[in-house]
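Colleague: Just so you know, the protein sequences line up as chains A and B, in that order. Per my numbering: the first sequence = residues 257 to 559. Per my numbering: the second sequence = residues 257 to 559.
If you're looking for bench data, these hints aren't it; they were derived computationally from the structure. Be careful, since some hints might not be right.
No copy labels: a pair is met if it fits in one copy or bridges any two.
Claimed, not checked - With a straight-line Cα cutoff of 30 Å, these simulated DSS-like cross-link-like pairs (lysine-lysine) come out:
{"id": "1", "residue 1": "501", "residue 2": "558"}
{"id": "2", "residue 1": "403", "residue 2": "329"}
{"id": "3", "residue 1": "544", "residue 2": "363"}
{"id": "4", "residue 1": "534", "residue 2": "443"}
Predicted model only: the values in this text are computed from it and were never measured.
Protein chains: 2
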Amino acid sequence: MSRANHLSGDPAAINEFIDKFDIFLLDCDGVLWSGDHLFPGTVETLELLRSKGKKVVFVTNNSTKSRSDYQKKLTSMGIPSNVEEIFASAYSSAIYISRILKVPPPKNKVFVIGEIGIETELKSEGIEFIGATDPAFRRDITPEDYKGIADGSLLDDNVGIVLAGLDFHITYLKYAHAYQYLARGAKFLATNTDSTLPANHTFFPGAGSISIPLINMTGQQPTALGKPSQAMMDSIEGKFQFDRKKACMVGDRLDTDIRFGIEGKLGGTLAVLTGVAKKEHWEGEDAKVVPAYYVDKLSDLKG
Amino acid sequence: MSRANHLSGDPAAINEFIDKFDIFLLDCDGVLWSGDHLFPGTVETLELLRSKGKKVVFVTNNSTKSRSDYQKKLTSMGIPSNVEEIFASAYSSAIYISRILKVPPPKNKVFVIGEIGIETELKSEGIEFIGATDPAFRRDITPEDYKGIADGSLLDDNVGIVLAGLDFHITYLKYAHAYQYLARGAKFLATNTDSTLPANHTFFPGAGSISIPLINMTGQQPTALGKPSQAMMDSIEGKFQFDRKKACMVGDRLDTDIRFGIEGKLGGTLAVLTGVAKKEHWEGEDAKVVPAYYVDKLSDLKG
């Protein structure tokens, strides 16, 4: 397996690296910031890339925020951006449903496990849905629910898709509904499959840990729309129309970001050491995912 | 692989079968009844076994009920029983914690995901616990929770065990707490790992689908205390003190009941065809679990 090229402190190599690409797909947490802490030099590095005519796209598996919510987050972190530069897994899921899956009506309604960000993106693509933040599903299950879910009288006959994302208000009732739609043949999608959500320097349950009860019950694997799923890469390419050989994925996680870029056959992948990955992870003989390049921190690209 | 002996309609074989055993471990749903429907002849069959001096034990993976709750259920179904004949996974879990695991105090408190049946059984064994039905955990997660869970100020330092069972009031907050205790070294137990709960002629999420997010987050497998876990068999043997060669497990599921009896090296296993298993399941060449005997229905044992 080839070795990762270390760029930090080598201005000539950095220039050559930047010149190779037209577009940079950037993971955010662990690359631009960590938690609430913006890494020094992030803004200047993005400015440098833009000043050289490079397209920048922020690619995140965060499924709880719509693109405009996420843009507000970038702004609050002090990072200039516009909403068209943002690609989040809720948006990716909506695009996939409306433009790729294209389930014919009337059986094209979506049962959603997730938060308002998913609702916003589904609405913007004109997709009908139930579940999500509706208080009717954020409550305890009752004997009437068991009966009506089992006999179908409480189900919506037009649901043909179950989409599961991160849901801070998950309930047994939502799982019972989602399972029943899947058992009746609904297509199974997941915004992303991250098992954990990094926050406050530890981990909380991620979208993949919210959807896994449904995998366990049905034996089915969902089509995942976040990194490293190539369904997300296809959506990004469909939107931005670029030459994959002139694109570079930048991230701090080998199993999501770097794998996403390698399996997407991008021209390059760049790992940063400010998040999850350490260089020992790809220097071992049995390393499965090796980035083409790495820097100690993103701002090393400023030279 | 040996073939299962069909007993139905063969009085001599039935007598010989019954005479071989001192104790019958009986699964309930799918064997004695289905949902709310008591199978005809169930009561008379149990009477016959008792009249021949056989010990009868009701063995269930149901973790939401204490033994006395479960006895009320048997009574409501018209089945005479006493609480000492009942072995449910909540009780099995409590026994395992107090008599086998024996974590030294003070770090022996249990964080519980589950319902009141688990609380009742833990209390009867004098085990301290938090979580379960406490409304403090049946609510939405707040920013203060993230902070306090992450820095430990909202955690109980004495929790050394996480026990996960079926919880109809599961919340993101409970998962966040349970994960954090496991990440800090708590032992991981599960009442049982059934992926689904059969009800109203369909399936709802089972205990195994409630605990699986924690497996997904931690990469750890819990010690399971329900069938087919041999931890449950050890608890049953510890309580009733019988010769395994003179014991027979009766059930409708190959992967839980029959496997439980075979791996427990009981003298016999008896499958019934009134629940999940069909004889085609063990007649194939690649059948992994084959019962020693089977009857079309339990009441065939009356001859």
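Colleague: Each of the hints needs a verdict: does it hold here or not?
Modeller: Outcome of the hint check:
Taking the shortest alpha-carbon separations for residue 501 and residue 558, only the intra-copy value of 23 Å comes in at or below 30 Å, while the best inter-copy value is 75 Å. In this homomeric assembly, residue 403 and residue 329 come within 30 Å of each other (Cα to Cα) only across copies, at 19 Å, whereas the closest approach inside a single copy is 43 Å. For the identical chains of this complex, residue 544 and residue 363 are neighbours neither inside a copy (41 Å) nor across copies (40 Å), given an alpha-carbon limit of 30 Å. Taking the shortest alpha-carbon separations for residue 534 and residue 443, only the inter-copy value of 29 Å comes in at or below 30 Å, while the best intra-copy value is 37 Å.
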